[in-house]
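K.L.:
Residue numbers (my numbering), protein chains in the order written: chain A, 1 to 264; chain B, 1 to 264; chain C, 1 to 308; chain D, 1 to 308.
Treat the hints with caution; some may be incorrect.
Said to hold, decoys possible - Listed next, the in silico DSS-like pairs over lysine-lysine satisfying Cα-Cα at most 25 Å (straight line):
no., chain 1, residue 1, chain 2, residue 2
1, B, LYS33, B, LYS10
2, B, LYS10, A, LYS78
3, A, LYS13, B, LYS13
4, B, LYS78, D, LYS276
5, A, LYS78, A, LYS8
6, B, LYS10, C, LYS276
7, B, LYS8, A, LYS78
Just so you know, these hints were derived from the structure itself, not from any lab.
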Amino acid sequence: MADQYQSKAKVLKSERLATDVCRLTLLCPDIAKKARPGQFVMLRIAPAALDPLIRRPFSIYQTTAGGQLQILYKVVGKGTGIMAGLHPGDMVDLVGPLGTGFPIDVRPRHCLIGGGMGAAPLFFLATWLLRHPDAEPVVLLGARNREELRAIAPEFENLGIPVGLATDDGSEGHHGYVVDLLADSLTGEERPWHVFSCGPYPMLRAVAKLCHLRSRRCHVSLETMMACGIGACLGCALPRAGLNGYLHVCRDGPVLEAGQVAWF
Amino acid sequence: MADQYQSKAKVLKSERLATDVCRLTLLCPDIAKKARPGQFVMLRIAPAALDPLIRRPFSIYQTTAGGQLQILYKVVGKGTGIMAGLHPGDMVDLVGPLGTGFPIDVRPRHCLIGGGMGAAPLFFLATWLLRHPDAEPVVLLGARNREELRAIAPEFENLGIPVGLATDDGSEGHHGYVVDLLADSLTGEERPWHVFSCGPYPMLRAVAKLCHLRSRRCHVSLETMMACGIGACLGCALPRAGLNGYLHVCRDGPVLEAGQVAWF
Amino acid sequence: MMNSPDLKVNIGGLILKNPVLTASGTFGYGEEFAPFVNLHRLGAVVVKGISLAPRAGNPPPRIVETACGMLNAIGLENVGVDRFLAEKLPYLRGLGATVIVNILGETLDEYRELARRLGEEGDIAAIELNISCPNVKKGGVAFGSDPKMARAVTEAVCRHARQPVIMKLSPNVTDIRVIARAAEEGGAAAVSLINTLLGMAIDAETRRPKLANLVGGLSGPAIKPVALRMVWQVASAVKIPVIGIGGIVTAVDAIEFLLAGATAIEVGTANFVNPKATEEILAGIRSYLERHKMQSARELIGALAPDA
Amino acid sequence: MMNSPDLKVNIGGLILKNPVLTASGTFGYGEEFAPFVNLHRLGAVVVKGISLAPRAGNPPPRIVETACGMLNAIGLENVGVDRFLAEKLPYLRGLGATVIVNILGETLDEYRELARRLGEEGDIAAIELNISCPNVKKGGVAFGSDPKMARAVTEAVCRHARQPVIMKLSPNVTDIRVIARAAEEGGAAAVSLINTLLGMAIDAETRRPKLANLVGGLSGPAIKPVALRMVWQVASAVKIPVIGIGGIVTAVDAIEFLLAGATAIEVGTANFVNPKATEEILAGIRSYLERHKMQSARELIGALAPDA
Ligand SMILES: Cc1cc2nc3c(=O)[nH]c(=O)nc-3n(C[C@H](O)[C@H](O)[C@H](O)COP(=O)(O)OP(=O)(O)OC[C@H]3O[C@@H](n4cnc5c(N)ncnc54)[C@H](O)[C@@H]3O)c2cc1C
Ligand SMILES: Cc1cc2nc3c(=O)[nH]c(=O)nc-3n(C[C@H](O)[C@H](O)[C@H](O)COP(=O)(O)OP(=O)(O)OC[C@H]3O[C@@H](n4cnc5c(N)ncnc54)[C@H](O)[C@@H]3O)c2cc1C
Ligand SMILES: Cc1cc2nc3c(=O)[nH]c(=O)nc-3n(C[C@H](O)[C@H](O)[C@H](O)COP(=O)(O)O)c2cc1C
Ligand SMILES: Cc1cc2nc3c(=O)[nH]c(=O)nc-3n(C[C@H](O)[C@H](O)[C@H](O)COP(=O)(O)O)c2cc1C
Ligand code: FES
Ligand code: FES
Numbered sequence: 001m002a003d004q005y006q007s008k009a010k011v012l013k014s015e016r017l018a019t020d021v022c023r024l025t026l027l028c029p030d031i032a033k034k035a036r037p038g039q040f041v042m043l044r045i046a047p048a049a050l051d052p053l054i055r056r057p058f059s060i061y062q063t064t065a066g067g068q069l070q071i072l073y074k075v076v077g078k079g080t081g082i083m084a085g086l087h088p089g090d091m092v093d094l095v096g097p098l099g100t101g102f103p104i105d106v107r108p109r110h111c112l113i114g115g116g117m118g119a120a121p122l123f124f125l126a127t128w129l130l131r132h133p134d135a136e137p138v139v140l141l142g143a144r145n146r147e148e149l150r151a152i153a154p155e156f157e158n159l160g161i162p163v164g165l166a167t168d169d170g171s172e173g174h175h176g177y178v179v180d181l182l183a184d185s186l187t188g189e190e191r192p193w194h195v196f197s198c199g200p201y202p203m204l205r206a207v208a209k210l211c212h213l214r215s216r217r218c219h220v221s222l223e224t225m226m227a228c229g230i231g232a233c234l235g236c237a238l239p240r241a242g243l244n245g246y247l248h249v250c251r252d253g254p255v256l257e258a259g260q261v262a263w264f
Numbered sequence: 001m002a003d004q005y006q007s008k009a010k011v012l013k014s015e016r017l018a019t020d021v022c023r024l025t026l027l028c029p030d031i032a033k034k035a036r037p038g039q040f041v042m043l044r045i046a047p048a049a050l051d052p053l054i055r056r057p058f059s060i061y062q063t064t065a066g067g068q069l070q071i072l073y074k075v076v077g078k079g080t081g082i083m084a085g086l087h088p089g090d091m092v093d094l095v096g097p098l099g100t101g102f103p104i105d106v107r108p109r110h111c112l113i114g115g116g117m118g119a120a121p122l123f124f125l126a127t128w129l130l131r132h133p134d135a136e137p138v139v140l141l142g143a144r145n146r147e148e149l150r151a152i153a154p155e156f157e158n159l160g161i162p163v164g165l166a167t168d169d170g171s172e173g174h175h176g177y178v179v180d181l182l183a184d185s186l187t188g189e190e191r192p193w194h195v196f197s198c199g200p201y202p203m204l205r206a207v208a209k210l211c212h213l214r215s216r217r218c219h220v221s222l223e224t225m226m227a228c229g230i231g232a233c234l235g236c237a238l239p240r241a242g243l244n245g246y247l248h249v250c251r252d253g254p255v256l257e258a259g260q261v262a263w264f
Numbered sequence: 001m002m003n004s005p006d007l008k009v010n011i012g013g014l015i016l017k018n019p020v021l022t023a024s025g026t027f028g029y030g031e032e033f034a035p036f037v038n039l040h041r042l043g044a045v046v047v048k049g050i051s052l053a054p055r056a057g058n059p060p061p062r063i064v065e066t067a068c069g070m071l072n073a074i075g076l077e078n079v080g081v082d083r084f085l086a087e088k089l090p091y092l093r094g095l096g097a098t099v100i101v102n103i104l105g106e107t108l109d110e111y112r113e114l115a116r117r118l119g120e121e122g123d124i125a126a127i128e129l130n131i132s133c134p135n136v137k138k139g140g141v142a143f144g145s146d147p148k149m150a151r152a153v154t155e156a157v158c159r160h161a162r163q164p165v166i167m168k169l170s171p172n173v174t175d176i177r178v179i180a181r182a183a184e185e186g187g188a189a190a191v192s193l194i195n196t197l198l199g200m201a202i203d204a205e206t207r208r209p210k211l212a213n214l215v216g217g218l219s220g221p222a223i224k225p226v227a228l229r230m231v232w233q234v235a236s237a238v239k240i241p242v243i244g245i246g247g248i249v250t251a252v253d254a255i256e257f258l259l260a261g262a263t264a265i266e267v268g269t270a271n272f273v274n275p276k277a278t279e280e281i282l283a284g285i286r287s288y289l290e291r292h293k294m295q296s297a298r299e300l301i302g303a304l305a306p307d308a
Numbered sequence: 001m002m003n004s005p006d007l008k009v010n011i012g013g014l015i016l017k018n019p020v021l022t023a024s025g026t027f028g029y030g031e032e033f034a035p036f037v038n039l040h041r042l043g044a045v046v047v048k049g050i051s052l053a054p055r056a057g058n059p060p061p062r063i064v065e066t067a068c069g070m071l072n073a074i075g076l077e078n079v080g081v082d083r084f085l086a087e088k089l090p091y092l093r094g095l096g097a098t099v100i101v102n103i104l105g106e107t108l109d110e111y112r113e114l115a116r117r118l119g120e121e122g123d124i125a126a127i128e129l130n131i132s133c134p135n136v137k138k139g140g141v142a143f144g145s146d147p148k149m150a151r152a153v154t155e156a157v158c159r160h161a162r163q164p165v166i167m168k169l170s171p172n173v174t175d176i177r178v179i180a181r182a183a184e185e186g187g188a189a190a191v192s193l194i195n196t197l198l199g200m201a202i203d204a205e206t207r208r209p210k211l212a213n214l215v216g217g218l219s220g221p222a223i224k225p226v227a228l229r230m231v232w233q234v235a236s237a238v239k240i241p242v243i244g245i246g247g248i249v250t251a252v253d254a255i256e257f258l259l260a261g262a263t264a265i266e267v268g269t270a271n272f273v274n275p276k277a278t279e280e281i282l283a284g285i286r287s288y289l290e291r292h293k294m295q296s297a298r299e300l301i302g303a304l305a306p307d308a
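If we strip away everything but chain A, and leave its shape as in the complex, we get (with noise of 0.2 Å):
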């Protein structure tokens, strides 16, 4: 826990890329070394008030040599609108990097699934697999409409890797949820299947179900309330397998291996 950081950060740039999804990028070089795909920071929004007082989880979506750390997120509330109201030059305060990572190993394939937003630690999860010649991942993911799966599909696209698609109102891909997706995509045994998943819960769940039918290794990074990130408060309880008792998404988590959740 010590390659943790608590650092003002300048806003950059404050992209709009659909109606309610945003790109923050925010110059952080001690946070932005250290991070590895699946970790996430605390951002506090507005250092100069104290509401919204709590710090808000974002995933890292990318990270540069030159220090730039990347925010992909949708506006939802108090904390993401005043968010998308930045401007460069502006400045937030960020803890990070948090959490466990996605654990990379080269040796199976990777399939990396994303519901909305879960996209955001899987690109830059999808860009650490591609630093390996071995590597061939595929990428499947879902969006409520083209408008946002336009948000998020291109940057994969333009990593050259096989990227499936899905939106729930049929605007572009398959019309319906991305995990329909999922079984076809786990095909070829020369080498075992690693599947990543970051979306909504709900998702997360049918992921981690047809993952445990067909025993493919799979871990989600799920998301709960938070409100220190570094294992505090004990806030972030969700029930372990077993019911027996609670792990700490910030700590344990946010990335856990899907066998280790009691699924509701």
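Chain A is already provided as a structure; the job is to place chains B, C and D with the ligands on it using the hints.
P.N.:
Okay, now just chains B, C and D with the ligands, sitting in the frame of chain A:
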């Protein structure tokens, strides 16, 4: 009280005139149209958040025919700190125009004496007085130092009227209180003097006392803590002369005849 | 097409057009808000607390902002019942507003006399009894935290008032349900809660209290979680209607109080922050009901799902 | 040149290097904050409440943000006294941190046994007695709001502990001075206050409580005015030192509590908002003293000017 509005106003310009003196230009046609010198607005600086919760009162510095309204302010705490970080295009929320304005009678000569940001409503007043050909206003301005004075004085000087200056540190004009300049300004008995003053409480008290001794008519613009600005909360109480109950600065003022106030 | 939802609620026999009221002391005598709100559209206008004789109130500073809230020590400044009836009530009457008068006294006799005077006015819809204001040394605090005294005041007022009597409860007690039950037994038609939490603010630079009165009442969004908990507790402890108050700023806040068991709500500090708050809350409740295909605001009352 | 001001304070015989402590439950077991704060520089690290047996805590959701505050219903999850002594204490000991252990029990016997176990550890500086946590149905609430029970727990713990005992008070009472005096009579070396205010949050869309436990404890800047008022009241009601807690975020907040009569302060929710809060507050107190040419932090204690 019918001509009061609650309006969302767009930030057109956000300028820093000195280290801690700023000017905000807002588009707010309904309020701008009705505003008279001495009136103020209650500004909700960050409408998306609940902190700061209470609106902040600011005198109207200037309005334009195009529906613009300017505020000249000093950064003194949380709210004004956040104000200084506003960008063009940001939205704030205004209630106004509020309070009594300066009673304008063009028969006497007018002496406008302001300390610090007290200059703000006096500038608006000066521009109104000058609409009348007989007006011969004199302005006296005090500030902590030359830098602050230079943020305030030029616009008065551009009006082509006599402007007396004082700074606490002597870096420009009279070294000392601006009130020191008042006695010598109230000369000539062809027309009676009417003194208008705005600034820190001790300065207003000194102005009120001098005018009382010299039998000059004197109006002061006072500040108290305000929650509503419209006479509803009764928070802005100020002891009435003779300690006969309280005035309410937002409704009975902020411009008050000096004799109405119980000076302490 | 669906009918517009029915917003009427019943406060101990008094039918209000909708559940959105103003909280005493935050809406003046109503007139102050006329540029911003159509007063006759509100469930009721609850006016500033009225006493028998006029009161000058506390010396300043009387208010100070705190995190997401404010402290006030107005000291119950008001014009007194005579001027209220002569100068303030006619304006509200003229607009067709439903008026609830908040009253305060320092003795049982004062309360009785106020109830008698207001009882003579046919167009005062209800009386809200403030026995909880923490600002005044005499009377206030004692009535509000002692169930026996609370019951005695309620009985005295109910005997003399012709209107329904709403007892307003103080949150500065160990168990607010006990006081609520005392009010119910005393004959109150409803209880309203919460009044302000007793608080304090200090200026670290001058080392002086920020309020001349040293302590004051905390209101605003900061206290909403406490208010919501107390409304939920009281709603299951008494049979009379509960009016929820405390930190309500938006329609969502108001709906939370209805779900917790309130039959109506009062909007306080939010009026300062957003003078149009009451009408916006009303519109928001209406569109919530439409969106959820509910026929009546009454369907929301106490409709908290049993388990998380 | 002036000497650097003396920050030492005395909590019932225990000399702390400075008045800045952490509030139990908001600083984990200390280790979690090691990347951000030099633990040995703090007045003391007050660890998460420890019970005799480990506790799993409440089901989620356990926390929710509120206006300038948060509600928590952690349910006193902790590793239990055995694992605390074996796994957590050695780390803090190794860093040279001053450690205060917050304890909780459901019966007098549990409190006694905890006091005995911790009493054996020479390097635990003090015991803070939590009898006020509102989250657990059994025990907690009753001890904290009944002066007789509060006194009995204090006596039981004081008899078995070798360290000074700090009684932590609940704000959910009509008169907190009564409980403070009971603790003093029971032998407490100091009182600390406030614990959280009991609150609730509801999701208007799902119509469910936002906490699985329905109600939770309100903390953060929202409660500061209430905390400051109670500290000020208690400081003049007891002779033992008072430790101020509630919504402290900045050095200015901390100084306000000292002026109100606190000998030391604990920083809670602010640790989540700003992990470096404690050290920044410490630095801020030091520079305030220097700027005001004060020799010692003790000059601030209770130094509120009498009148506004
Ligand atoms: C580990 C982790 C990684 C995440 N990564 C991303 C990401 O990359 N992109 C993205 O768009 N979103 C991400 N989220 C979700 C994101 O944190 C919420 O959308 C955000 O906090 C909403 O803030 P708000 O103020 O706009 O919403 P609010 O109006 O405060 O609340 C809306 C909802 O947001 C969630 N939320 C609010 N505060 C918190 C909190 N402190 N902790 C957890 N959830 C909260 C709750 O579900 C809440 O109901 C992540 C969450 C977690 C736990
Ligand atoms: C009628 C009137 C007109 C004013 N006109 C101007 C002006 O033209 N330019 C200017 O720079 N300042 C003006 N002020 C003062 C201005 O309102 C305060 O400087 C501002 O509110 C400070 O806000 P803050 O959040 O930065 O300060 P905070 O950190 O909140 O507090 C600092 C100080 O600001 C003052 N203040 C804060 N809130 C209020 C409030 N709600 N009501 C009154 N005072 C408050 C108090 O003295 C407080 O101690 C005026 C005040 C009044 C009453
Ligand atoms: C400035 C002010 C004055 C108040 N005056 C009264 C009053 O005269 N009588 C009363 O019963 N309550 C009074 N209150 C309490 C409010 O009616 C309400 O109970 C409290 O503010 C909580 O609601 P809120 O958080 O929405 O403001 C006053 C509150 C404020 C802020
Ligand atoms: C998440 C959380 C957990 C807490 N756990 C404990 C605890 O175990 N024991 C205890 O005495 N107080 C506990 N508290 C109360 C705090 O120690 C403190 O009294 C309270 O939060 C008020 O201070 P604050 O406003 O600075 O947070 C907890 C508070 C929070 C927010
Ligand atoms: S968020 Fe605080 S322990 Fe996980
Ligand atoms: S500020 Fe509310 S009455 Fe004047």
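K.L.:
Indicate, hint by hint, whether the structure satisfies it.
P.N.:
Evaluated hints:
no.	hint	verdict
1	B:LYS33 with B:LYS10	holds (16 Å)
2	B:LYS10 with A:LYS78	holds (20 Å)
3	A:LYS13 with B:LYS13	holds (21 Å)
4	B:LYS78 with D:LYS276	holds (21 Å)
5	A:LYS78 with A:LYS8	holds (21 Å)
6	B:LYS10 with C:LYS276	holds (19 Å)
7	B:LYS8 with A:LYS78	holds (18 Å)
Consistency note: the structure conflicts with none of the earlier hints.
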